[in-house]
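Those protein sequence lines, which keep their order, are chains V and P.
One rule links them: number in my numbering = place in the first sequence (from 1) + 1.
One rule links them: number in my numbering = place in the second sequence (from 1) + 17.
I should point out that these hints are in silico values taken from the structure, not numbers from a laboratory.
If you only want the chain P side, here are some residues facing chain V, beta carbon under 10 Å, derived:
id : residue
1  : A19
2  : L24
3  : V27
4  : S31
5  : W49
6  : I52
7  : E99
8  : D161
9  : D208
10 : C242
Calculated from the model, a selection of chain P residues having no Cβ within reach of chain V, i.e. all distances over 12 Å:
id : residue
11 : D130
12 : P148
13 : G152
14 : T156
15 : Q178
16 : V181
17 : A276
Some but not every residue of chain V turned toward chain P, in silico, with C-beta under 8 Å:
id : residue
18 : Y309
19 : M311
20 : A345
21 : G369
22 : D370
23 : R478
These figures come from a predicted structure and were not determined experimentally.
Even for Gly, the Cβ is constructed at its ideal location relative to N, Cα and C.
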Amino acid sequence: MVDITPADGIPPAEVAEVELYHPHSWWTKYVFSQDAKVIAIQYSATATGIGLVALVLSWLMRLQLGFPGTFDFITPEAYYQFITMHGMIMVIYLLTALFLGGFGNYLIPLMVGARDMVFPYVNMLSYWIYLLAVLVLVSSFFAPGGPTGAGWTLYPPQAIMSGTPGGQDWGIILMLSSLILFIIGFTMGGLNYVVTVLQGRTRGMTMMRLPLTVWGIFTATVMALLAFPALFVACVMMLLDRALGTSFFMPAISEMGEQLQHNGGSPILFQHLFWFFGHPEVYIVALPAFGIVSDLISTHARKNIFGYRMMVWAIVGIGALSFVVWAHHMYVSGMDPYFGFFFATTTLIIAVPTAIKVYNWVLTLWRGDIHLTIPMLFALAFIVTFVNGGLTGLFLGNVVVDVPLSDTMFVVAHFHMVMGVAPILVVFGAIYHWYPKVTGRMLNETLGRFHFWVTFLGAYLIFFPMHYLGLMGVPRRYAELTDMTIMTESAHHLNSFISIMAFIVGFAQMVFLFNLIWSIRHGREAGGNPWRATTLEWQTPQTPPAHGNFGKDLPIVYRWAYDYSVPGAKEDFIPQNMPGSFGPSREQA
Amino acid sequence: MAVALVLVLVVVGSVLFHLLSPWWWTPIASNWSYIDNTIIITFWITGVVFAAVVLFMAYCVFRFRHREGNRAAYEPENKRLESWLTIVTAVGVTALLVPGLFVWSRFVNVPSDATDVEVVGQQWQWSFRLPGKDGKLGTSDTRDVTADNPLGVIASDPNGQDDVVVEAADLHLPVGKPVKMLLRSIDVLHDFYVPEFRAKMDMIPGSVTYFWFTPTKTGTFQVLCAELCGQGHPLMHGVVMVDTQQDYLAWLGQQQTFAQLSAPQQTGSADQAPGNTAASGLKIAAKLETVGSR
Numbered sequence: 002m003v004d005i006t007p008a009d010g011i012p013p014a015e016v017a018e019v020e021l022y023h024p025h026s027w028w029t030k031y032v033f034s035q036d037a038k039v040i041a042i043q044y045s046a047t048a049t050g051i052g053l054v055a056l057v058l059s060w061l062m063r064l065q066l067g068f069p070g071t072f073d074f075i076t077p078e079a080y081y082q083f084i085t086m087h088g089m090i091m092v093i094y095l096l097t098a099l100f101l102g103g104f105g106n107y108l109i110p111l112m113v114g115a116r117d118m119v120f121p122y123v124n125m126l127s128y129w130i131y132l133l134a135v136l137v138l139v140s141s142f143f144a145p146g147g148p149t150g151a152g153w154t155l156y157p158p159q160a161i162m163s164g165t166p167g168g169q170d171w172g173i174i175l176m177l178s179s180l181i182l183f184i185i186g187f188t189m190g191g192l193n194y195v196v197t198v199l200q201g202r203t204r205g206m207t208m209m210r211l212p213l214t215v216w217g218i219f220t221a222t223v224m225a226l227l228a229f230p231a232l233f234v235a236c237v238m239m240l241l242d243r244a245l246g247t248s249f250f251m252p253a254i255s256e257m258g259e260q261l262q263h264n265g266g267s268p269i270l271f272q273h274l275f276w277f278f279g280h281p282e283v284y285i286v287a288l289p290a291f292g293i294v295s296d297l298i299s300t301h302a303r304k305n306i307f308g309y310r311m312m313v314w315a316i317v318g319i320g321a322l323s324f325v326v327w328a329h330h331m332y333v334s335g336m337d338p339y340f341g342f343f344f345a346t347t348t349l350i351i352a353v354p355t356a357i358k359v360y361n362w363v364l365t366l367w368r369g370d371i372h373l374t375i376p377m378l379f380a381l382a383f384i385v386t387f388v389n390g391g392l393t394g395l396f397l398g399n400v401v402v403d404v405p406l407s408d409t410m411f412v413v414a415h416f417h418m419v420m421g422v423a424p425i426l427v428v429f430g431a432i433y434h435w436y437p438k439v440t441g442r443m444l445n446e447t448l449g450r451f452h453f454w455v456t457f458l459g460a461y462l463i464f465f466p467m468h469y470l471g472l473m474g475v476p477r478r479y480a481e482l483t484d485m486t487i488m489t490e491s492a493h494h495l496n497s498f499i500s501i502m503a504f505i506v507g508f509a510q511m512v513f514l515f516n517l518i519w520s521i522r523h524g525r526e527a528g529g530n531p532w533r534a535t536t537l538e539w540q541t542p543q544t545p546p547a548h549g550n551f552g553k554d555l556p557i558v559y560r561w562a563y564d565y566s567v568p569g570a571k572e573d574f575i576p577q578n579m580p581g582s583f584g585p586s587r588e589q590a
Numbered sequence: 018m019a020v021a022l023v024l025v026l027v028v029v030g031s032v033l034f035h036l037l038s039p040w041w042w043t044p045i046a047s048n049w050s051y052i053d054n055t056i057i058i059t060f061w062i063t064g065v066v067f068a069a070v071v072l073f074m075a076y077c078v079f080r081f082r083h084r085e086g087n088r089a090a091y092e093p094e095n096k097r098l099e100s101w102l103t104i105v106t107a108v109g110v111t112a113l114l115v116p117g118l119f120v121w122s123r124f125v126n127v128p129s130d131a132t133d134v135e136v137v138g139q140q141w142q143w144s145f146r147l148p149g150k151d152g153k154l155g156t157s158d159t160r161d162v163t164a165d166n167p168l169g170v171i172a173s174d175p176n177g178q179d180d181v182v183v184e185a186a187d188l189h190l191p192v193g194k195p196v197k198m199l200l201r202s203i204d205v206l207h208d209f210y211v212p213e214f215r216a217k218m219d220m221i222p223g224s225v226t227y228f229w230f231t232p233t234k235t236g237t238f239q240v241l242c243a244e245l246c247g248q249g250h251p252l253m254h255g256v257v258m259v260d261t262q263q264d265y266l267a268w269l270g271q272q273q274t275f276a277q278l279s280a281p282q283q284t285g286s287a288d289q290a291p292g293n294t295a296a297s298g299l300k301i302a303a304k305l306e307t308v309g310s311r
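For reference, chain V alone in the conformation it holds in the complex:
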């Protein structure tokens, strides 16, 4: 072990190393594993599996919208079940689980120089409860009455009434139960990620030396721990309204000529609780993507991320501000319209730190040495789609502009571009980037480029034109677009075009899945650090990293994560655990 003197700025070890739990059998190594890396793969595989279900559901919806009346089995009832399950799966069970449970578990311990998460057993439980939540969700497809068709926002009163699919059957009960389970499981994982980042960092790894990936996931997790409880209570209360006949969200209602036994509840209270969770949720998905894409751009442009400190404060600032903008989802909900002044102002303020992040990404490209690798291509595509989706957010956030556009296809186009397409492009970039570390092999380049071009351009062609349907006034959540006086014939053709693009983009994802499986055995050998990156996960003695991540001694960190192309250094990158100074060594503490 290298002897460190205090002069190097490296603190002495504070606590002795704790022995890790070592698996004794195949079961405890690969199934009931306590290794964060295995848990990460379990999370990712489960999220991908359920994500495929959501992808198929989106095809079914597009069949109906693009070719109305052609497919008899897509009844209005079925259509609403498809949109509800598609939305909820994509937002919660795919994106949240993949970014935090998948990337968080794999990358946090490796990037901060820890052997594992701080509480490995709780971490394992977190995954198994998540799996249970997914199974409960899937079971609703087979329950009497089918899954709920209340829309992913689950607005009462309709969510628990008979006019909505699953409202008086099992659908809504299973959905609410699954969400409650998900939140319990997430909380176990989330506490782990936060404590590991705060307490598990190796010596020399100050907070201001953390890679932005860790900053993004860490901030998103803190936000999720604060935001999910609002959804949790909303789910519990609605479950009570549905099962026991309480009236938290149910006022007096006359349904089809019959008076219901509810009185005095507030439907809008649910909306406040839902969006108090729901808006931070957007950033719970976006912040990990922000962090990861920063590292992809820096590594593949061989240049330090521009304005690191500003980037960190922008992440933290966006995280904090996102808790005071929730009612911008409710401008036309019938809440007191004077709230509009406050929430429009906070919403537009959040555009400033977000814009700073965009500037810093493109300024990182400026005077870089840009390698157009597949991760870099996905990062560039992320910037295009994120800027596009972010800018349409300025329409919807600006209260009065939202009035005509709210609840139209403009909103659908906006949120798919900004929190569907953009983060998913980062997920793909990240998989191409870290797959060699996880498996030891590179993904196939030709298939990868095919996947990239079809996904990026196809997704842009789906969602860019869709904004204009919304501008025309076409409402969202319409199972049938018949007898609409505002829709011209050509608007229906545009819908067919969008549907065809959706099938093509979906097909490209099958190519990607094939690549993932094929390359495990047949990919080119990657070596330990194929991208010549600085962060600790690329400096492990074995690839894939063994249980415990690092060898006998934990790495010691001497520098920030972005020492690329340092003047005077021989190589164009200096790993974080490399001692000594080269040129104007940066200390960002």
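Chain P: place on chain V using the hints.
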């Protein structure tokens, strides 16, 4: 090269699509051209930013692409540049927000000469109520809803007796007169949305919400429900006819008041006035039934 070119094409294509495609908003038929103007300002500012960022990226990808022997510059921070960009962004955002809030204050402040018009949503049809000669709408309660009193007007309130009730039929409005739409639902959330009027607002059971506008064009306009309200949601269409003052008064003369409708001799009084083109909830329910049993 190819990547830089595609990025440029994305910008050029998006701008051309915006300018040349036939898909645009419907001709406006209300006073809310302020909203359209705010959207135009927003398109300009955001369009310029989108083009600038993506074209700059395209330039970087072209100019700084990897070639043998290249090395990136080392520049961790540039405080001056970062502050300038922050200030410029803040100015741009303010330029969007200020006109937006100005128009919003007009939107929420109803002019004092606006006439009340009540809209009642239920699965899956629209009904309307207009104040009678006294100019006041009577109070209402969902718990008073019955087959003979579909809007739940409180019978003991004298203000309600002369209210004009239009059940599951078309609404007529006089052109050029501001109206305050009072929105109410007796079951789930709905949203009264006429694309040509630009305004919309959710209807919440248990509350009365509102928006106001002045119709500026005569004609027939389709009402759409814009808040998911169950299986019949996409079929919950209605009709608003904006009439000249003369036509409006003629229509109004044919309507029945709450008192007339609830008078005992008028059994089966829910029969609608002539000229009804709105789909009624019962018809939709029947349609869903056939679709479901296919």
